[in-house]
Amino acid sequence: MFKRIMLASDGSDHSLRAAKKAAELAKLNADSEITVVYVIDGQTSKEDVLHNPNRTVVEEKRKMRLQPVTSLLNSENLSFKLEKLLGEPGPAIVDYANKNEFDVVVVGSRGLNGLQEMVLGSVSHKVAKRVKAPVMIVK
Amino acid sequence: MRVGSHQNKLRGVYLNTTTIKEQWFGNVKGDVLAGIVVALALIPEAIAFSIIAGVDPMVGLYASFAIAVTIAIVGGRPGMISAATGAMALLMVTLVADHGLQYLMAATILTGILQILFGVFKLARFMKFIPRSVMIGFVNALAILIFMAQLEQFVDATWVMYAMVAGALAIIYLFPRITKAVPSPLVAIIVITVIALMTKSDVRTVGDMGKLTSALPAFLIPNVPLNLETLKIIFPYSLALAIVGLLESLLTASIVDDMTDTSSDKNRESRGQGIANIVAGLFGGMAGCAMIGQSVINVKSGGRGRLSAFVAGTFLMFLIIVLGNVVVQIPMAALVGVMIMVSIGTFDWSSIKGMAKTPLTDSIVMVVTTVTTVFTHDLSKGVFSGIILSAIFFVAKISKVKVTSTFDVAADRRTYFVKGQVFFASVTDLIESFDMLDTAKDVVIDLTHAHVWDDSAVAAIDKIVIKLRASGNVVRLHGLNEPSSLLIDKLAVHKQEGAKLSGH
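Just so you know, the protein sequences line up as chains A and B, in that order.
The C-terminal residue of the first sequence carries number 139 in the numbering used here, and the numbering is unbroken.
The C-terminal residue of the second sequence carries number 643 in the numbering used here, and the numbering is unbroken.
Derived by calculation from the structure, the hints in this document are not laboratory data.
Any given hint could turn out to be false.
[What the hints assert, rightly or not] Distance condition first, Cα-Cα at most 27 Å in a straight line; then the derived BS3-like pairs of lysine-lysine:
hint: 1; chain 1: B; residue 1: 319; chain 2: A; residue 2: 61
hint: 2; chain 1: B; residue 1: 267; chain 2: A; residue 2: 63
hint: 3; chain 1: B; residue 1: 439; chain 2: A; residue 2: 20
hint: 4; chain 1: B; residue 1: 536; chain 2: A; residue 2: 139
hint: 5; chain 1: B; residue 1: 168; chain 2: A; residue 2: 84
hint: 6; chain 1: A; residue 1: 63; chain 2: B; residue 2: 439
hint: 7; chain 1: B; residue 1: 267; chain 2: A; residue 2: 61
hint: 8; chain 1: B; residue 1: 492; chain 2: A; residue 2: 61
hint: 9; chain 1: B; residue 1: 319; chain 2: A; residue 2: 84
hint: 10; chain 1: B; residue 1: 267; chain 2: A; residue 2: 126
hint: 11; chain 1: A; residue 1: 129; chain 2: B; residue 2: 319
hint: 12; chain 1: B; residue 1: 439; chain 2: A; residue 2: 99
hint: 13; chain 1: B; residue 1: 536; chain 2: A; residue 2: 126
hint: 14; chain 1: A; residue 1: 132; chain 2: B; residue 2: 319
hint: 15; chain 1: B; residue 1: 168; chain 2: A; residue 2: 99
hint: 16; chain 1: A; residue 1: 61; chain 2: B; residue 2: 496
hint: 17; chain 1: A; residue 1: 63; chain 2: B; residue 2: 319
hint: 18; chain 1: A; residue 1: 61; chain 2: B; residue 2: 536
hint: 19; chain 1: A; residue 1: 99; chain 2: B; residue 2: 319
hint: 20; chain 1: B; residue 1: 536; chain 2: A; residue 2: 84
hint: 21; chain 1: B; residue 1: 496; chain 2: A; residue 2: 63
hint: 22; chain 1: A; residue 1: 126; chain 2: B; residue 2: 168
Note that this is a predicted model, so its numbers are computed, not measured.
Using the sequences provided together with the hints, build the complete structure.
Structure below.
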């Protein structure tokens, strides 16, 4: 039933917990596919470009950041692909989820710290409110 | 990663089919809206940076108009916003104080000429020699200097000033929760200005800091004597402005590249920055460059094309002409609040968070760059001290040569194994690792894991070989890689019969 699964991830501990739940859902269906989505916002762009010599290294670092999630999915032998989105996390995830037909969207309850959340608002809240597919928020 | 190659292909297509028309009119709605948002966000910054530089607010506003519009036409990175900036304003403080506005205009034009030369000679590629820790130190120093420049506004200030700054900051950081359609710094400025006018508060306003005329900029050639004396005064400033301006512009271009997943022409951007500064200098503006914060706002607001920078510049000028008499009534407290936000946004907080994981020498370079800049108030001095220090650290790290030796009793042969980079910084250690009075009949120097880099290295090897020969050993070099052996063939003297060391 959950064949096309979207997993929003930034490599944080919260997103790893979300990945575990996404993996459990994926295992229910033999031909399931997980799309791991990583959103690069302006702040991330700025930090990554400032700290790394060129784009190749930036992209490699980003892949490394997602490694806890990708190695978990690899070890479970699940089929998945990575998708990089640009923009603010909330709207970008909502937009991508609604443009592609997913059976379920899995997000962690929190990725940002408290202060950022106060200013930017909660990503999971936006996703739950605006994504048309069923949403699983992992605490 | 599957997605990686897919996007590279897309990027290629984008580049091949991108025409001037697309760069201008490929995203009209997004560009116009974003341009308006950026214009609104630019006004307070352009005024505040003028005040940092010690000139009338119009100088920064004219510069922002001239630079934004010119760069829209000639820049190499569509979607990036350039205008009067803090980094540049900080560099011109003493020039303005000692020699006045006309010399600043002249220096701005010379800055542009230098930047065009940098672009023509494709110096953007030398950016890679600037270590990342220097760039981070540069950004952090910029943030600290912008913050420190605000402190003088607090001298002799009443509690009203403190309350207004706090109020401005609260609006700036909390208003986006309500809507992001209007830039929150602008809302802060409007609210604080209204409060100041209603309470008839006598806090300092923009009008107290300098003149503001509601007129279009006019073409004028700076009124300075065209002689060597003038050049001597402005050249050091122009060079520093040119370098810092390009540094920040190319960094910003890379950030916009990443945010939009496209690429840009860095040399064209260097030339464009130069042309924009010449235009600014001829229309009564101060030197500027690309702005990280404004470019991020532009992209976030949907700006992608050249039109966005063009709209930002023209709409800014329109607002100043229409609202000039309102702008002079903005309390300085509101601008100080905006500048504190700019400095918080500019500072690279991840460099503090990540310090435990960063190599110690990188952190030292970052801190030295920051501290040097903050104390000299000169971003270019900070960058140079950072580059020099990291070069020294690099040489120190790479100059460790390891020499081990084995002795074959049967053959009466000693073999030295040299491992590492043999060059000017490592030759002393190398020579000291050899026993010049060795009694073995044969001495083999195995350089399989070494690389011979320069004439100092060859001279050192000469010295070792010739001294060992003098003690009656038969010396042989072994395992040289090709570049090393070519260099030795070219420079070494020990191969000649009866070679002696000259002058040793």
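Verification of the supplied hints:
no.: 1; hint: B:319 / A:61; verdict: violated, 30 Å
no.: 2; hint: B:267 / A:63; verdict: holds, 23 Å
no.: 3; hint: B:439 / A:20; verdict: violated, 32 Å
no.: 4; hint: B:536 / A:139; verdict: violated, 46 Å
no.: 5; hint: B:168 / A:84; verdict: holds, 25 Å
no.: 6; hint: A:63 / B:439; verdict: holds, 23 Å
no.: 7; hint: B:267 / A:61; verdict: holds, 18 Å
no.: 8; hint: B:492 / A:61; verdict: holds, 17 Å
no.: 9; hint: B:319 / A:84; verdict: holds, 24 Å
no.: 10; hint: B:267 / A:126; verdict: violated, 40 Å
no.: 11; hint: A:129 / B:319; verdict: holds, 18 Å
no.: 12; hint: B:439 / A:99; verdict: holds, 20 Å
no.: 13; hint: B:536 / A:126; verdict: violated, 50 Å
no.: 14; hint: A:132 / B:319; verdict: holds, 23 Å
no.: 15; hint: B:168 / A:99; verdict: holds, 21 Å
no.: 16; hint: A:61 / B:496; verdict: holds, 14 Å
no.: 17; hint: A:63 / B:319; verdict: violated, 31 Å
no.: 18; hint: A:61 / B:536; verdict: holds, 24 Å
no.: 19; hint: A:99 / B:319; verdict: holds, 23 Å
no.: 20; hint: B:536 / A:84; verdict: violated, 37 Å
no.: 21; hint: B:496 / A:63; verdict: holds, 18 Å
no.: 22; hint: A:126 / B:168; verdict: holds, 25 Å
Checked against the numbered hints above, the structure breaks hints 1, 3, 4, 10, 13, 17, 20 and satisfies the rest.
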